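Just need the whole structure built from these sequences, with the hints factored in.
Chains A and B are the protein sequences, given in the same order. Residues 985 to 1485 in the numbering used here are what the first sequence lists, from first letter to last. Residues 51 to 422 in the numbering used here are what the second sequence lists, from first letter to last.
A couple of the hints might just be wrong.
Said to hold, decoys possible - Calculated lysine-lysine pairs in the DSSO-like style (CA-CA distance at most 27 angstroms, straight line):
id	chain 1	residue 1	chain 2	residue 2
1	A	K1347	B	K63
2	A	K1162	A	K1200
3	B	K63	B	K333
4	A	K1347	B	K59
5	B	K74	A	K1324
6	A	K1448	A	K1461
7	A	K1448	A	K1118
8	A	K1093	A	K1162
9	A	K994	A	K1200
10	A	K1349	B	K142
11	A	K1324	B	K63
12	A	K1118	B	K333
13	A	K1347	A	K1450
14	A	K1324	B	K333
15	A	K1309	B	K59
16	B	K388	A	K1073
17	A	K1450	A	K1268
18	B	K63	A	K1349
19	B	K333	A	K1073
20	A	K1267	A	K1017
Source of the hints: derived by calculation from the structure; they are not laboratory data. All values reported here derive from a predicted model rather than from experimental measurement.
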Amino acid sequence: MTETTCIEIKNLTKTFSNGEVRAVDNLSLRLEKGQTVGIIGADGAGKTTLLRLICGLLQPDSGTISVCGLNPVTQKSLLNAKIGYMPQKFGLYEDLSVLDNLNFYAALKNVSPDFNQMLEFADLKRFQNRLAGKLSGGMKQKLGLICALMGMPELIVLDEPSVGVDPVSRRELLKMVKTTVQNQTTVLWSTAYMDEAHGFDTVVVVDRGKIIYQGKPQDLAADTLGFENKVIELMGGYAPKPSLVAQNYHLNGSGDGFAVEAVDLVKRYGDFYAVKNNTFHIKKGEIFGLLGPNGAGKSTSFKMMCGLARPTGGTARIMGIDIVKQASLARSHLGYMAQKFSLYANLSVRENLEFFAGAYGLKGKLADEAVSRMTEIFGFRRFLNDNAGDLPLGYKQRLSLACAVMHNPPVLFLDEPTSGVDVITRREFWNHLTSLAQKGVTILITTHFMDEAEFCDRISLFYKGKTIATGTPQELKRLAGAQSMEDAFVNLILQNGREIS
Amino acid sequence: MLKNFNRLKALIKKEFLAILRDPKSRIIIIFPPLVQLLIFANALTMEIKNADILVMDRSNTYESREFIAGIENSKWFGNVTRAESLREIEQKIDRQQADAAILIAPDFARNLKKGQTADVSAVLDGRVSGTATALSGYFTQIAQNYTLKLAEKSGKTAVPLSIETRVWFNPNAVYQWYLVISLNVIMALVVTLILTALSVARERELGTFEQLIVSPYTALEILTGKTVPPLTVALIMLSVMALISVYCFDIPFTGSFLLYLGSSFIALLSFVGVGLFISAVSKNQQQAILGAFAFMMPAILLSGFVSPIEDMPPFLQNLTCLNPVRFFINIGRGLFLKNMPAADVAANLLPLIVIGGLTLSFAAMTFKRNLE
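Here it is, written out as structure tokens:
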């Protein structure tokens, strides 16, 4: 261990469930001080376990860890003062105000920093008396970061801080980290965004509890897409197969016309317009992306269109059926996949499939057929009698998709379906979606991944409750004068922000 | 319609599975009835047994000794000992070495022979008012038995008694009977309320509620789906508890069992309405459980189970008219012990129907507002 080493790990192993699951498997790692390190890998590869071991939140089975020259297990209290940790859910007290949270963390770290300056910097000053639970995702993230940064730690550990956060907020976050940390501060940042990881000093690719790559991201590839492909290659590769879901899909009522229409949709809370006069028409077989910063009103629009929220004005039609007037009938044409896993965790895979088959009116032989079809297509056979809650993440996501498509709906509503999902599973997922669209299924999707936005036929960009641009990805990029979708997104938002303010 | 029925069937099946798979719900189904059986019914009795009695016989005649024998032979009392002086009585009761004392006046036998009222005083420990009340009841009964016996023997009419207490329908004053019947109702309340309160709140907490709303189910279907399983569970439980009451606690069931089941169904509907309403306004399971208890506590206290409704201040008496538990306990006691006629059952069912209708439509409304 030299002066310049921040973390040194030797032959670290950590198992769960009586040794059945090797989350971290004989892993060795050495990280220099003053670097920003990206940790990437598939779901369940052991990223979170590794970070928690480094922070002393878990006890290793064997091997040694040294963080800032300390042992995280035996010298935890000394180490605590040196590290700032931000867990996946930001670690905020949602029932306390922004200021209360700051005061609490300051007291915890025994420091008395200048809150004003910090709040100003994060642009949270206006919201300092608001409850943390009532902040938008991007603001929670910034607040969580301020709390983690308090007391000028030598090591900052951020566990997937940008899940479900829009590109503008992500850029702000990165800027905040870069400007606050000093030369000697090390940042450990686990992420599912390849563009984010590509900008770091070092990346560490974790797979099945082992490190399969450590080095400069630029050494792998010069651009983000190439980097993503390289990472996928490292993790075992992905070869697109013909989508069995699409092949077995029985679509009724295809043809011309619009599958989904939003007509002057308005949602008002008191004086505040969450959505103003939103109108768009989605053709059959189109993949339509709803993009926008957190809190721009895209989720509200999405919810109004599938009947989760009642519009203050206007309406939406699914396959020509009014969602307000004939809710039940309109919903029967929908397949829906929620942001977080929302199937019955206590029920088995089979029971979940059976329930959703029944819920959409499949009965007897038809229901049995649908269940076995989904079992075959998604490879659920060995999990059939396991509780859905115990499935590996990738399979949970597959089960959600299976429940959404098993009644062959002509329209799919997908709300950030790939949030927190690793890059290979995402590729597979999009393979299904594009194949389904080719068959004539209409898909409405929200996402924060800009590479996914490229797969959409058309995109509607939301900002402050309004649609600020609609068009194909190429059109939007041209409009913004940008090379990548992410730049287009940020440029268009900033342009509009200036116009409004 | 058939398609919709099929879809409803799938939902009801899912709700049953959800109850059976959720460890919290499972405990709630199995635990309370067991508690009732094992603990409450045996420990919570207000019947006094083994009370220690002092007797001071200043008459010291054949008649007085016969009266004392009546006390000694009673199954309610433990040690019956002689006291020599008032002072001894005072000390022993004060130190709680005795629960009560009986004083027989010197002119006891004389008055009896003359056909006049004979005096027996009972000294009771007012600090333990429950015991005191029970013992006073027992003494009155013993005195009654004694005078009846006396009258039989002499062939004369019985000496008029100044105190006339008669406990109807429950001639042995076995408190357990009342307790078990009321507990059946209260257990059904606990089970139904908690199961229903958890049902929507659990789905909201886990995010599955949105999935349910986006499916073609209507608000009414979801309401039905959430009502049937807890109602069925509670109805089965009530029947089992009724059987246990009859066969294990030897409580007579004098009314119509069919009527009991029918009334239970309606009463449970009103409980379900309250539970679903609580669930529909709760954000998570903790809130739902707290809400359920916030309702249950006053509902049980104001049901006539803990203290008679007639003894409450008028304001609270009026309030009990909103309490479904009160009417259900009335029906339960009536059908078990006094062969309550259908008309009287109906009189108690009417408020239950009103309460049930109101709470259920209220729940459906809250539901619907949250849906859209």
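* To do: Enumerate the violated hints, using their earlier numbering and listing them in ascending order.
  => 10, 13, 16, 20
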